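Asker: Take these sequences, add in the hints, and give me the full structure.
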Amino acid sequence: MEKFEVLQSTAVPLPIENIDTDQIIPARFLKATSREGFGGNLFRDWRFDNAGQPKADFVLNNSLYSGQILVAGKNFGCGSSREHAAWAIYDAGFKVVISSFFADIFKGNALNNGLLPLQVSDEVLARLLGQIEEDPQTTLVVDLVKQELQVPAWEEKISFEIDAYKKECLINGYDDIDYLVNQKDAIEQYEKSRPWAY
Amino acid sequence: MAKTLLDKIWAAHVVKSIPGGGLDVFYIDRHLIHEVTSPQAFDEIEHRSLPLFRKEQIVATADHNVPTKNQHLPIEEPLSRFQVDKLTENCAKHNIELYGLGHENQGIVHVMGPELGITQPGMTIVCGDSHTSTHGAFGAIAFGIGTSQVAQVMASQCLLLSKPKSMRITVEGEVRNGVSAKDVILYVISKLGTGGATGYFVEYAGSAFRALSMEGRMTVCNMSIEMGARGGMIAPDQTTFEYLKGRQFAPQGERWEQAVAYWTTLYTDEDATFDKEFFFDAQEIAPMITFGTNPGMGMAINEVIPTDVPASEVASYNKSLNYMGFQPGESLLGKEIQYVFIGSCTNSRIEDLRQVAKFVKGKHKAPHVEAIIVPGSKHVEKQAIEEGIDKVLAEAGFELREPGCSACLAMNEDKIPAGAYCVSTSNRNFEGRQGPGSRTLLASPLVAAITAVEGKIVDITQYLN
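The listed protein sequences correspond, in order, to chains A and B.
When we follow the numbering used here, the leftmost residue of the first sequence carries the number 1, and every step to the right adds one.
When we follow the numbering used here, the leftmost residue of the second sequence carries the number 1001, and every step to the right adds one.
Derived from the structure by calculation, the hints contain no laboratory data.
It is possible that some hints are incorrect.
With a cut-off of at most 27 Å between alpha-carbon atoms, the simulated DSS-like pairs for lysine-lysine come out as follows [unchecked claim]:
no.	chain 1	residue 1	chain 2	residue 2
1	A	K31	B	K1093
2	A	K184	A	K3
3	A	K167	B	K1165
4	A	K146	B	K1163
5	A	K31	B	K1055
Because the structure is a prediction, the values reported are computed rather than measured.
Answerer: Structure representation (structure tokens):
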């Protein structure tokens, strides 16, 4: 997993609520057996028409907006557990998703892939979306070490929460699997202590 | 201290807690895998040269991507075939039990596990599929995971997790005639909203859930994820034990007695408290249907599409109705429907098929409707044939297919065309879920069967009594 400390980037606004993982990457693109290449089909049916032509009204096809930060409506990533959604977003070049609420499984999947799900209040999200739409060149600074989001036009910095362990993992590029494999002795010990396991 | 059912099972699976944080090394009893979310996990453990830690606790099946016709022939679609072959290859290489196409135990992973007795009370069960919450019907902690976590469980039989908050949803009373488990859960989701239980693990309690069969309880727990919950569970009772007894992987003999003695301790103590509670009256619940593009957008079938939406949600709400071709304040009664899909891990069990057969016997589907029924497993299919359900369905113009996830997520050929309306017994009405441009209305098997016969949405109460 790639390390993450500080990211400075413009952002892409997607002010839609309850964006489910079927929109992020439709099921028909889940037939691949590797993790790579899903970015091309990110938001496929919102981004392209049936003939595969870009839809002009979708934000990823709007040259005004670009950057490594996606700013989306609340309850982002609900629905299917497909990790392909996190892979697709990351593969398309995003390193951070900002929303006012994330679905649990998506949040976990994102963290396991070096993609930071950054949760802000509904109010901050609304201001942020307004700011980016007013000035698409707005450059945000996401400082994971300080747990701060900086918007140059704003006086205050926005602090955000993240689990301390997950923060360490992102900063150092560690995976849970490294930690778990090292717990083998404790796990074997635990298995022997379960008389009720049928 | 008084404990919830979640507390009891959670505590029994903590290998160790990590100091300083809220994370536990959490042990997993059963790991179910399928072709879509496992190949990258196999790659990962192979890439890291890690052995499978407890391969005998993994069971695999092919379900998401399989055709529902001619399963005895090679899969025609090359990418699907490759993915299913990859699962076969990976299972052979790692010596994992596989119920692939052609095996008598093959089926949708969340139908297969319970019916074989692999799913048992007090267990922790995971699968790279959000509807793993289904298994909570047995009083298990069961939840969907991502592919990185599939690899973690393969390598260590554990996950690093923080304990979710607890929520209890109590429904008391007897449901009205024509109201099924599906209506109860669609009602609950319509009240809580699509993210209303995010961060929580739900326990369903009260006489309305107690009265349900195991099939009905699975339908309820299955859709827990549709309100964002990590999982849902129902305390095991006599109904659970009777369902499990004698199943292939259920404990036998003396071990059965020991197991039941343990399972009987799995309930929420009277004084236990939850982080959040909801109470509903079963009599308030009517046959339901969804009108939008998330499962929280549901209403009683004879109501009109709500107009009282909070200002901040209007844009997303209108986008959703626009996709569906509906207006706020509109009734769905009389809307013509082109497709009916009865199947999925929500409603493809024998009880669902029986209910459909009972209604359609002696009737026929409307000429313009295509009605397909996809059993949840080979065992369900076999039982349906033994009971003559296949003939009843055929005479009514319904097509009984072979088992798989099918048009629930349309990874195979079973797709609903763009613009067409489908009344579906599945779990998600997301945009394009059943095929690009498809429009899904979620409902119970009974509502789906009646819709197929009428060719349009009707107030089903006229058929009751």
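Asker: Hints first: check each against the structure and report whether it holds.
Answerer: Each hint, compared with the structure:
1. A:K31 x B:K1093: holds, 21 Å
2. A:K184 x A:K3: At roughly 26 Å apart (the allowed maximum being 27 Å), K3 (chain A) and K184 (chain A) satisfy the hint.
3. A:K167 x B:K1165: holds, 21 Å
4. A:K146 x B:K1163: It holds: about 26 Å lies between the C-alpha atoms, which stays within 27 Å.
5. A:K31 x B:K1055: Holds, at about 24 Å.
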